[in-house]
Amino acid sequence: MGYICVEKIINAPLEKVWLIAGDFTKSPEPALPIEIVNKGDDTKMGVGCERKIYSGKAIFHERLEAIDPLNSITYILISGAPVKHYLGKVV
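According to numbering that gives the first Met the number 0, the residues represented by the sequence shown are 0 to 90, in order.
A couple of the hints might just be wrong.
In silico lysine-lysine, DSS-like type, Cα no more than 27 Å apart, as pairs [as the list claims (entries may be wrong)]: (1) 56 x 83; (2) 15 x 83; (3) 88 x 51; (4) 43 x 15; (5) 88 x 38; (6) 56 x 38; (7) 43 x 56; (8) 56 x 88; (9) 25 x 7; (10) 25 x 88; (11) 15 x 51; (12) 7 x 83; (13) 83 x 38; (14) 25 x 56; (15) 51 x 25; (16) 56 x 15; (17) 38 x 25.
If you anchor each label on the Cβ, the simulated ranges turn out as follows [as the list claims (entries may be wrong)]: (18) 89 x 37: 13 to 21 Å; (19) 55 x 13: 31 to 39 Å; (20) 73 x 35: 13 to 21 Å; (21) 86 x 7: 12 to 20 Å; (22) 6 x 38: 27 to 35 Å; (23) 24 x 70: 17 to 25 Å; (24) 13 x 81: 28 to 36 Å.
To be clear, the hints were calculated from the coordinates, so they are not data collected in a lab. These numbers were taken from a predicted model, which means no experiment stands behind them. Note that the Cβ used here is the ideal one computed from N, Cα and C, for glycine as well.
Generate the whole structure from the sequences, applying the supplied hints.
This is how it looks when you write it as structure tokens:
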């Protein structure tokens, strides 16, 4: 299995970045519409939340697997890309 790491340094306070990156119910890009398919577990900060991201003809279906506020968010890609077993982690 392959491994790819993409790093982007954001020059802003962690709390401000987390308000955007840590909310799985929001689009990762403002121009891309999303649909919440499953709200997830409120007692676990939304773990299990599923969203569809619409990008042209492509529809990416993702599920939130884990969240550690101010540290990381982990999600899987259920469908929409020509890859299998995709696991994404934002730290």
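Next on the checklist: Checking each numbered hint in turn, tell me which of them this model violates, lowest number first.
Outcome noted: The structure conflicts with hints 2, 7 and 16, although it agrees with all the remaining ones.
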